[in-house]
Structure formats: C-alpha cells, structure tokens
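Student: Add chain V to chain X, keeping to what the hints say.
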Amino acid sequence: MSNLNETIHQPVRLRIMAALVTLEASNEVDFTYLRELLDVTDGNLGAHLRKLEEASYIAVNKVFVERKPRTYVSATAEGRRVFQEHVAALEAILKGK
Amino acid sequence: MNISPTEAEEILADIQRMEQKTRHAIASGGTTITLIVTGAVWLIGFVCTQFLPEISPYVWIGLSILGSILGTLWGFRMGQRVRNPEFGATAKRATIFWLLLVFYCIAAIAIARPTDGKQVTTFIILFIMIGQLSMGLLISFSAVWWALPITALALVGYFFLPSIFYLWMGVLGGGGMIAFGLYIRRRW
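Protein sequences appear in the order of chains X and V. Those letters in the first sequence? Residues 0 to 96, by numbering that gives the first Met the number 0. Those letters in the second sequence? Residues 0 to 187, by numbering that gives the first Met the number 0.
Same shape as in the complex, but just chain X (with noise of 0.2 Å):
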C-alpha cells in the first residue's frame, strides 16, 4: 500500500494523468481540450496541474498559436512511471481482495 502516490492520488489528477499517459509519448495536450475531456473548470484544471508540475510528473509548455498564447501539457517520462506504478499498486490491493 505504501506504493500508492498520494499527489497522484487526488481523482482529478490521476484523470489528468490518465489521460495524459494515453498519448503517445512525444505529443502534448492543449488546456482548453484536456479541460473539455475532464469535464473542469479552467481554475481547477489550472491548480491540479500546478501540482503535478511542481512534482515534475507533467511539463507545461506555453506558445503563441497565430498570435494568441496557448498552453499545452504532457506527462513527463518520470510522471509515466510513477503513473503506472500507483496503477500497479491499487491492482494488487485489489487482488489481494
């Protein structure tokens, strides 16, 4: 149980995480999209997201797009695999269910 990451725990950023992981590796998601698939608010969205980048798990990266800024977000290798080890974790509270 001890392997259960608790900033990762949260539900809202372990979505985030969830659906970030499901990119492929290279690629990164825009705010306004990840919000729409979370269901969110922008301030919310926002916060989770200040959490997991202060915890190195996602990169944020902010551009301007024909002028107009625009911020996108992607897992980052070490948020993979702490992703996948807190999956890991829960399936095996599960199995010893």
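Just so you know, these hints were derived from the structure itself, not from any lab. Any given hint could turn out to be false.
[Claimed, not checked] Here are the simulated lysine-lysine pairs, BS3-like style, with alpha carbons at most 25 Å apart:
id	chain 1	residue 1	chain 2	residue 2
1	X	Lys50	V	Lys20
2	X	Lys61	X	Lys50
3	X	Lys61	V	Lys117
4	X	Lys67	V	Lys117
Tutor: Chain V in isolation, oriented as in the chain X frame:
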C-alpha cells in the same frame, strides 16, 4: 495511505474510463475523419469510374481537391488540440517523402507502361498505401494499419475481379473505410 480493495477497484475503473475517453476523443477526431473523407472520395470516385467512365476524370479531380481541403482544415484543427512539438521538422521530411513517392510512382508507371486504367489505378493505390504504411511506422500515427486490408482488396480486385474492379474498390475499399471510421467513432 490505506484504501480498501473495493475503492481500488472503483479507482481502476475510473482510470480505465478516462483512458478510453481520451483514446476515443483523439481517434474520433483525426483517424475517423480521415477514414470517412477518404472512404467517401473512393466510393464516389470508383463507382463513377465503373458506370460513368467518360466523366470520371473530372469527378476525381473535384473530389481530390475537396478531400485535400477538408483533410488540411481538419488536420490543422486537430493539430491545435494534440500536437507533437517536434513535428515541424518531421512534417518537412514527410512532405519531401510524399513528393518523392509521387515521382517514383510516375516513373514506375512510365517504365511499366500500363495498358489500361485498372493497372494505373492499382499502381497508384499501391504507392499511396506504401506511403501510408511508412508514415504510420515512422511517425506513429494511430490506426494506419488499415492500409494493409486496402492493399489486399486492390490486389484481389485486380487479379480476380477485373470486370468489376472499380465497383469493388468503391464499395469495399471506400465503403469499408467509411464503416471502419464510423465504428471507431461509436465503439472505441
């Protein structure tokens, strides 16, 4: 942190739902539109070639232009949602690859001097499918393996069903792409 097996099961189910939703959102945007648009172009173009060969060149030109515009617009829209930051350099190489492939296709046709439209069509289909498979293998676009059954359909139609080759490619090739696109959109 302690959680019960029941909670773990619920969380795992939630993760699975989110992964499936993401896959579906991405696939239903890019791959399905490509399949449906290409399938529609093939269905109309090939059926027209089978039954109205005298006007089919104009139909193909119109459909190709329309398909290219739709594909470009949709690709641009999808590129803003999910993107690869290193794609710019890859896109240039991919463009050069396709241009060279067109050149090689024209060269192969010029050397082989096909005697009828079916041979030219099969040559073009094979070269396009080589390009499609190469893009999939090198750039990792999702769901590009459909190039293999299309290639098989073209070969079966060319060798075994020459009299209905265009109808075969239109209905099974084009219709198959549309059906597969709709299947991905609804079931993935």
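Student: Run every hint past the structure and note whether it holds.
Tutor: We went through each hint and held it up to the structure:
1. Of the supplied pair hints, the one linking X/Lys50 and V/Lys20 holds, its CA atoms being roughly 23 Å apart against a limit of 25 Å.
2. Proposed proximity of X/Lys61 and X/Lys50 is supported: the alpha carbons are some 17 Å apart, at most 25 Å.
3. Distance restraint check for X/Lys61 and V/Lys117: the Cα-Cα separation of roughly 51 Å exceeds the 25 Å cut-off, and the hinted pair is therefore not satisfied.
4. Restraint check: the Cα-Cα separation between X/Lys67 and V/Lys117 comes to about 49 Å, which exceeds 25 Å; the hinted pair is violated.
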